[in-house]
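Engineer: One-letter residues, chain by chain:
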Amino acid sequence: MVNGLAWRLMPGDPDVEDLVQDCFVLALDSLHRLAEPAAFSSWLGSIVVRQAHKRLRRKRLRIRLGMLRPQPIDPETLIGASAPPDVAAELRAVYTILDGLPPEERIALVLRRVEGLPLAEVAERMNLSLATVKRRLSAAEASLTRALGLGSAGSESP
Amino acid sequence: MNDGSSRAQYVERPMAEGAQQRQWLAIAARRAQPARGAWRWVFGSLAIAAVAILAVVTAMPQLGSDTGEIAAVELSPGVVLEAGEADLDVRLPDGSQVALQEGARLVAERAEAQEVRFSLRRGSARFDVARDPTRTFRVLAGDVDVRVIGTRFEVRRDASAVVVSVERGIVEVRRGDELRRLQAGQSWSLTEREPSAESEGAQSDALETPGEDGEGLEGQSVTGSTRPAGPSARALFEEAREARRAGRDREAADLYAELLRRHPRDGRVGIAALELGRLRMDVLHDPQGAIGPLRRASSSAPGESLREDAMARLVEAYDASGQRARCRESRARYLDRFPEGVHASAVVRRCLP
Numbered sequence: 009m010v011n012g013l014a015w016r017l018m019p020g021d022p023d024v025e026d027l028v029q030d031c032f033v034l035a036l037d038s039l040h041r042l043a044e045p046a047a048f049s050s051w052l053g054s055i056v057v058r059q060a061h062k063r064l065r066r067k068r069l070r071i072r073l074g075m076l077r078p079q080p081i082d083p084e085t086l087i088g089a090s091a092p093p094d095v096a097a098e099l100r101a102v103y104t105i106l107d108g109l110p111p112e113e114r115i116a117l118v119l120r121r122v123e124g125l126p127l128a129e130v131a132e133r134m135n136l137s138l139a140t141v142k143r144r145l146s147a148a149e150a151s152l153t154r155a156l157g158l159g160s161a162g163s164e165s166p
Numbered sequence: 088m089n090d091g092s093s094r095a096q097y098v099e100r101p102m103a104e105g106a107q108q109r110q111w112l113a114i115a116a117r118r119a120q121p122a123r124g125a126w127r128w129v130f131g132s133l134a135i136a137a138v139a140i141l142a143v144v145t146a147m148p149q150l151g152s153d154t155g156e157i158a159a160v161e162l163s164p165g166v167v168l169e170a171g172e173a174d175l176d177v178r179l180p181d182g183s184q185v186a187l188q189e190g191a192r193l194v195a196e197r198a199e200a201q202e203v204r205f206s207l208r209r210g211s212a213r214f215d216v217a218r219d220p221t222r223t224f225r226v227l228a229g230d231v232d233v234r235v236i237g238t239r240f241e242v243r244r245d246a247s248a249v250v251v252s253v254e255r256g257i258v259e260v261r262r263g264d265e266l267r268r269l270q271a272g273q274s275w276s277l278t279e280r281e282p283s284a285e286s287e288g289a290q291s292d293a294l295e296t297p298g299e300d301g302e303g304l305e306g307q308s309v310t311g312s313t314r315p316a317g318p319s320a321r322a323l324f325e326e327a328r329e330a331r332r333a334g335r336d337r338e339a340a341d342l343y344a345e346l347l348r349r350h351p352r353d354g355r356v357g358i359a360a361l362e363l364g365r366l367r368m369d370v371l372h373d374p375q376g377a378i379g380p381l382r383r384a385s386s387s388a389p390g391e392s393l394r395e396d397a398m399a400r401l402v403e404a405y406d407a408s409g410q411r412a413r414c415r416e417s418r419a420r421y422l423d424r425f426p427e428g429v430h431a432s433a434v435v436r437r438c439l440p
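Top line first, the protein sequences correspond to chains A and B. For our numbering, add 8 to where a residue sits in the first sequence, where the first one is 1. For our numbering, add 87 to where a residue sits in the second sequence, where the first one is 1.
It cannot be assumed that every hint is accurate.
[Claimed, not checked] Pairwise CB distance ranges, derived in the manner of DEER restraints:
1) B/209 x A/39: 47 to 57 angstroms
2) B/101 x A/37: 22 to 32 angstroms
3) B/391 x A/139: 20 to 30 angstroms
4) A/137 x B/116: 34 to 44 angstroms
5) A/39 x B/109: 14 to 24 angstroms
6) A/137 x B/370: 54 to 64 angstroms
Please keep in mind that the hints were generated in silico from the structure rather than gathered at the bench. Predicted, not measured: the structure shown is a model, and the values here were computed from it. For every residue, glycine included, the Cβ atom is placed at its ideal position computed from N, Cα and C.
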């Protein structure tokens, strides 16, 4: 789960391995603070999101300062061969625009469109209010709509 | 209905055989490291042992190091502190600290209750002086006399210039009858100029204060001397970035180094130092050469995340150059400041025997 989520948030990034290890160490060190065992998956997902956010922000700053060359994501290397054509097209669009999005929009889009989480859970994982998540998603979805060549944004379900 | 969960199954991370097992081993190894409190205890014990050893070492006329070991020193006139091919940190009995960059040579001329006086013969030394209003702390660099009461400052001397930079507190710089008081963030320099037909042996000095927008002055002076010749910091920085983007890494490194040399107080120094450190590590395979710039970037890079990067790379540079004591010290410093830092899992694996 951690490997998969980290990869989908930062596909092809050489930092993914360190990110995964960080998340497990943090989780194991703070397991005693988990009040509800049933919430383990969501709690662990929050850790991954938080750590990925830090790394994405740092990477974006370095690229803007000219200290790092951007390495575009190649969606064709990410999407499994068994993906139905419509799913593959949407995933292709998501990962084409991902690097151009600010970190919070990027994470919100992946959690919503790829992980398939409800808005409330996206907000919980990102430790943001529902209103803020909706704003982030709205901006990201606008970029996605343009990439998909659609006339209007996709519908949202709670 | 959003069926995104099925989309996740189409974007899975490729894992080589045995990768997960290696991952768990790495996680277990990291969690097996002793707690940071224990590290402090170990370092504290080492410091006590070092002081005991130094009671013997101070009998030697010269104390230097090529291994980057940290030393506490009992001063007496004539003691010479010299950093060889590695930086040298020294702790004085009153708690003051002196950090000599590689190649620096500092001679203790006076060590009394009312006055401590050093002579910087060459190179660069940073002083973190414990506050004591009853004691004068002086550093002489040629005919330049730097006096402080509880502050942190750096004095750099080479064949052509003396530069005094203040990080904290107030420093008096005297030269003959001239006296300047520098505050935190200010620097003063004295450069030797080539003899000219108009003024043979002319010297110039300049007082610099970083601009409010962090751009940094480029040769602004107080006493009417001219700007230093050569490209501006902005020009050097842009050329270096262009070279970097084009993949001309060696050229980029040279340009960053020139920026640091010509414009040591410019606001771009932090980024330039970090980039130079990274280039020397990754492209030029010169970890020893990366240490100086990375140390600089650790304190002057803009933003906490870049300073964190610099500190992590500094640990790597010490490790790669075999300076174990420095490596452990810088690792502890990083983990103390960034316990959940993005580089923590890599840093904690460094400096192992």
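Engineer: Determine for every hint whether it applies to the structure shown.
Structural biologist: Tested hints:
Between residue 209 of chain B and residue 39 of chain A the beta carbons are some 55 angstroms apart, a value that agrees with the proposed interval 47 to 57 angstroms. The hinted window of 22 to 32 angstroms between residue 101 of chain B and residue 37 of chain A holds, with their beta carbons roughly 28 angstroms apart. Residue 391 of chain B and residue 139 of chain A have their C-beta atoms about 28 angstroms apart, which keeps the hinted 20 to 30 angstroms range intact. A hinted range of 34 to 44 angstroms holds for the C-beta pair residue 137 of chain A and residue 116 of chain B, which are about 39 angstroms apart.
In this structure, residue 39 of chain A and residue 109 of chain B meet the distance hint of 14 to 24 angstroms, their C-beta atoms being roughly 22 angstroms apart. Checking the proposed 54 to 64 angstroms range against residue 137 of chain A and residue 370 of chain B shows it is violated: the Cβ atoms sit about 45 angstroms from each other.
In this structure, the one hint that does not hold is number 6.
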